[in-house]
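Engineer: Make one complex out of these two single chains by using the hints.
The listed protein sequences derive, respectively, from chains A and B.
Just so you know, we're using this note's numbering here: the first sequence kicks off at 1 and counts up by one.
Just so you know, we're using this note's numbering here: the second sequence kicks off at 1 and counts up by one.
Do not rely on the hints blindly, as some may be mistaken.
Derived CB-CB ranges, DEER-like [as the list claims (entries may be wrong)]: (1) B:His395 x A:His78: 45 to 51 Å; (2) A:Asn4 x B:Val423: 37 to 43 Å; (3) B:His395 x A:Asn96: 21 to 27 Å; (4) B:Glu190 x A:His78: 41 to 47 Å; (5) A:Asp108 x B:Glu385: 50 to 56 Å; (6) B:His250 x A:Thr14: 18 to 24 Å; (7) A:Asn4 x B:Asp66: 47 to 53 Å; (8) B:Gly161 x A:Val140: 57 to 63 Å; (9) B:Gly323 x A:Glu57: 45 to 51 Å; (10) B:Ile87 x A:Thr14: 24 to 30 Å; (11) B:Pro61 x A:Asn12: 47 to 53 Å; (12) A:Glu138 x B:Lys382: 22 to 28 Å; (13) A:Ser107 x B:His395: 47 to 53 Å.
FYI, nobody ran anything at the bench for these hints, they're computed from the structure.
Note that the Cβ used here is the ideal one computed from N, Cα and C, for glycine as well.
If you want the building blocks of each chain, they are given just below.
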Amino acid sequence: MFINQLSVFIENRTGRLDEVLESLKEAGINIISLSLADSSDYGLLRMIVSEPEKAKEALKAKEFTAMLTPVLGVKLSHQVGQLQVLLAEICKAGINIEYTYALATGSDDASIVIKTADLKAAAEVLKETGVELITSDELVK
Amino acid sequence: MIWNEAKECMSRDEMRELQSKRLKKVVDRVYHNVEYYRKKMQAVGIEPGDIKGIEDLSKLPFTTKDDLRDTYPFGLFAAPQSEIVRIHASSGTTGKATVVGYTRKDIEIWSECVARAFSQAGLNRNDIIQVAYGYGLFTGGLGAHYGAEHLGATVVPMSTGNTKKLTTMMKDFGATAIACTPSYLLHIAETLEADGDLDKIKLKAAICGAEPWTEQMRLQIEEKLHINAFDIYGLSEVMGPGVACDCQYHKGLHVYEDHFLPEIVDPKTLQPVGENETGELVFTTLTKEGIPLIRYRTKDLTSISYDKCECGRTLARISRFKGRSDDMLIIRGVNVFPSQVEAALLEIGEAAPYYMLIVDRVNNLDTLEVQVEVDEKFFSDKISELENLTKKIAHAIQQGIGLAVKVKLVEPKTIERSMGKAVRVIDKRKLV
Chain A
1 MFINQLSVFI ENRTGRLDEV LESLKEAGIN IISLSLADSS DYGLLRMIVS
51 EPEKAKEALK AKEFTAMLTP VLGVKLSHQV GQLQVLLAEI CKAGINIEYT
101 YALATGSDDA SIVIKTADLK AAAEVLKETG VELITSDELV K
Chain B
1 MIWNEAKECM SRDEMRELQS KRLKKVVDRV YHNVEYYRKK MQAVGIEPGD
51 IKGIEDLSKL PFTTKDDLRD TYPFGLFAAP QSEIVRIHAS SGTTGKATVV
101 GYTRKDIEIW SECVARAFSQ AGLNRNDIIQ VAYGYGLFTG GLGAHYGAEH
151 LGATVVPMST GNTKKLTTMM KDFGATAIAC TPSYLLHIAE TLEADGDLDK
201 IKLKAAICGA EPWTEQMRLQ IEEKLHINAF DIYGLSEVMG PGVACDCQYH
251 KGLHVYEDHF LPEIVDPKTL QPVGENETGE LVFTTLTKEG IPLIRYRTKD
301 LTSISYDKCE CGRTLARISR FKGRSDDMLI IRGVNVFPSQ VEAALLEIGE
351 AAPYYMLIVD RVNNLDTLEV QVEVDEKFFS DKISELENLT KKIAHAIQQG
401 IGLAVKVKLV EPKTIERSMG KAVRVIDKRK LV
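Here chain B stands alone, though its shape is the one from the complex (with noise of 0.2 Å):
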């Protein structure tokens, strides 16, 4: 079912329109009540009356997660604060948070968004979804949550953690649906196959996202649970979940492009690649009010198509994610950046900035592990003053990205040094 079909089905030229009188209208609103937009725009000699549609989009400077970092926390809020009925977060590049607030409507919007990924998954008022996204400062809980109940569907608030508990409610509540990430569904599938509970479920649909994933381990999904699996795509800056998600034909994500306009842009010129070359994701969010972005780099690479798709819907769809333009790694739907660890490693002062992140999937589950140079500074020749070094480091790390670590010591200059861009990922996880 088409949950909007007036916006999702609309002409191309009629989207243009009515993308071109929302950017109009965001522009205008982040000029007059956002110091800093106005600034960035003056700079480059830029005024609202330049804008006169979406062919003028490519005028307007680029947002990136350092200006989010650089007006921590609220500085690119558009509304004031006893508008702002919800703030999330999400991690930056280093210590700060990145900050995102929510006015009622854009609640209201974003619900709606979600509502149509839902829908496009197959769902509606009849079914009980289980949401097993974390709840909290991470939009994925709330905004499933919210997406579902304006469904109409029965929404059982799962969050993480508790597997069993999961499964158990699925099989007795007779869920039909579930919203989490990809790789926690693999871990819960294998968990209802190892208790002998596959067939026991009522399971139709999946709705996962918040981190990579390949179209085989879709099919994996699939197979293992015979239901359908969808890929909803979103990031907190511009919204949550509910930006994108693909429709039963599986080519491509739906983008509700009449609230977040995209465009694909080479990561290097920054100039504006053509339908369906690969480039980097940019957003401007065309309704929000508490935090509109304008043209904000996602750093996500994919490529983006305007043609009609078979379910009937003419919005824009982007491609599989094809990797990302920064160094930002996805672990069990959290952000980490490198720098992160770097951050908390200098921190401690003990540890050497040298060190090395090893991402791995063990059973589905993605793992974390920092690999640490013991430098003379801070080596004992007791076992248990290193195992206390490495229950610091790893609580510091913890601290710090919001996740938990394993840390390994490892012999000095074992770690590669490099003259250009260090490497400091390991990514084992076949994702791409």
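Pulled out of the complex, with its shape left as it was, chain A reads as follows (with noise of 0.2 Å):
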């Protein structure tokens, strides 16, 4: 139900974005999707790759600080105002989103990733709305 995202702790200096792909690109991981949140001081980079274990593992090796985080995808159509009707029913529920971004999947859909503080009570609401929720096994087919 649940894909594994990757977080990696990124300190605001030139080049170390690039190490981290970097180490990726050896340990041979996919990115599929990716965000990067900013403060004034370093950066969070945030991934949804093929083989989220093995590349959280790689990046330890090169002893950056990375971890593996529980989120929802979710599969939308191309269609005016889907998002927010989603995003409505898990504000009724009461559920904060704390963070969301674009997920592509290769397919001809407009998925996104929601993190939020109960992931499991979001994903029964948004089951219930008929939606469907992407799994890890998909993405890397």
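Structural biologist: Laid out in structure tokens, this is it:
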């Protein structure tokens, strides 16, 4: 039901993002989607990758701080207001959304990643609306 | 003007005689009143009768900040609590503060020493002195205040924190002198300059101390404000500001050695070094009652000269400080030990004990940045949580050292691991 997201702590220094990507390339990891949140001193790189566990180990071996976080992948159709309708349902259930970003699945849809405080509850709410949740297996096939 | 000519200009022989007489008295006092000292002396087989004069000084064991920590809070006091009229405290090397106590006579002597310093700066009862050191447990504010009052000057107790009010009063009151840290004075000068007020002040002298500064900085202050700037030295363990101060010739700081007996020792061998040779400054308080210190290691590196000064004083002079023999930092007048930061980090438990202190001076004010490694234990993939962590660390360190810090999270293993003594500080201020 959930996707394992890889998060990496990166200092705001020239070349650090490149070094993360380099390590992933060396380990043969494919990056499916990514989002970079930044503060004045550091950035937080969140990625959906082909082999999250292996990717995390590869980064750890290079002294990066990395962790895996379960998130929801939601398949949306290209229709005006689709995302709003879904988020409204989550809000109605009183669940706080922590962050969200676009997920590229390769097929012709508009998928997104959602991280909420209570992931299970959010998944239930979404299922009831009839949308399709993306699994890790689907992403790597 | 020389405040106390009888003491400040006595011959070297007379001074040695006075010091010897007072040393015997203070050794007797601590031996009988302070168990800790008695045991220390007994451990090396010394009794008060073995000390016949200052030539026997090196027979006495040293005292360090650790001794003050071990006897926290009042264990080294040599007077009963009923005679202690004031307490001051400064940073210890770990969580515990270094606490000192003063009898009424101690305060009187301290006030006189500061009055001597202000006198050296050409000040007298006709002056209006703004005291812009922090008031409180720190000895700077109250020490300078009592000294300026003793001098008979009009004292304006500004304390620190409100520069606009300070410059306004400096203009409106026609203040003629200021006592504050040199970096704060430069900041004040810049504020005056920015407001176009540099020619509206009557300031003629500044007595600066509580942090290391260079001769260039002193000249910069003099030039910018068209005043004379003086270097005052002191430390709370020995008394506070007013242990030594330079005169108009600026050729070293006159030590008020009728009260504070200075020695210079090699910080490694602890053997006394010769005149004009650099080593660690050690003080024995000769008249203090509350907490007399025997051969207290200041960790400040300097040299000493006994030549008579052009100003007429015969008091020994210590040169401008050349650094420290320990890792203590002085930031905005506050003593900071890296170990205090470490203790705060360990207390939180979340941060790795790998940290780096970056000290800098921006717009003449010291800044302290603490870099802390983000390790897996407390990494979060939420910015809000990382920000909370930053705040929590900053708060804990602030509580520990009493100074605002900027905490910067850095990647793990980016702070250098060293096999020997870890390098924990990068001081970008050019102080020596």
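Engineer: The structure should be examined with respect to each hint, and the outcome stated for every one.
Structural biologist: Tested hints:
1. B:His395 x A:His78: 45 to 51 Å: Holds, since His395 of chain B and His78 of chain A (Cβ atoms, about 48 Å apart) stay within the stated range.
2. A:Asn4 x B:Val423: 37 to 43 Å: holds, 39 Å
3. B:His395 x A:Asn96: 21 to 27 Å: holds, 25 Å
4. B:Glu190 x A:His78: 41 to 47 Å: violated, 59 Å
5. A:Asp108 x B:Glu385: 50 to 56 Å: About 36 Å separates the Cβ atoms of Asp108 of chain A and Glu385 of chain B, which means 50 to 56 Å is violated.
6. B:His250 x A:Thr14: 18 to 24 Å: The hinted range 18 to 24 Å is violated for His250 of chain B and Thr14 of chain A, with Cβ atoms some 46 Å apart.
7. A:Asn4 x B:Asp66: 47 to 53 Å: holds, 51 Å
8. B:Gly161 x A:Val140: 57 to 63 Å: Distance hint for Gly161 of chain B, Val140 of chain A holds at roughly 60 Å.
9. B:Gly323 x A:Glu57: 45 to 51 Å: holds, 46 Å
10. B:Ile87 x A:Thr14: 24 to 30 Å: violated, 51 Å
11. B:Pro61 x A:Asn12: 47 to 53 Å: With Cβ atoms ~52 Å apart, the hint holds.
12. A:Glu138 x B:Lys382: 22 to 28 Å: holds, 26 Å
13. A:Ser107 x B:His395: 47 to 53 Å: holds, 49 Å
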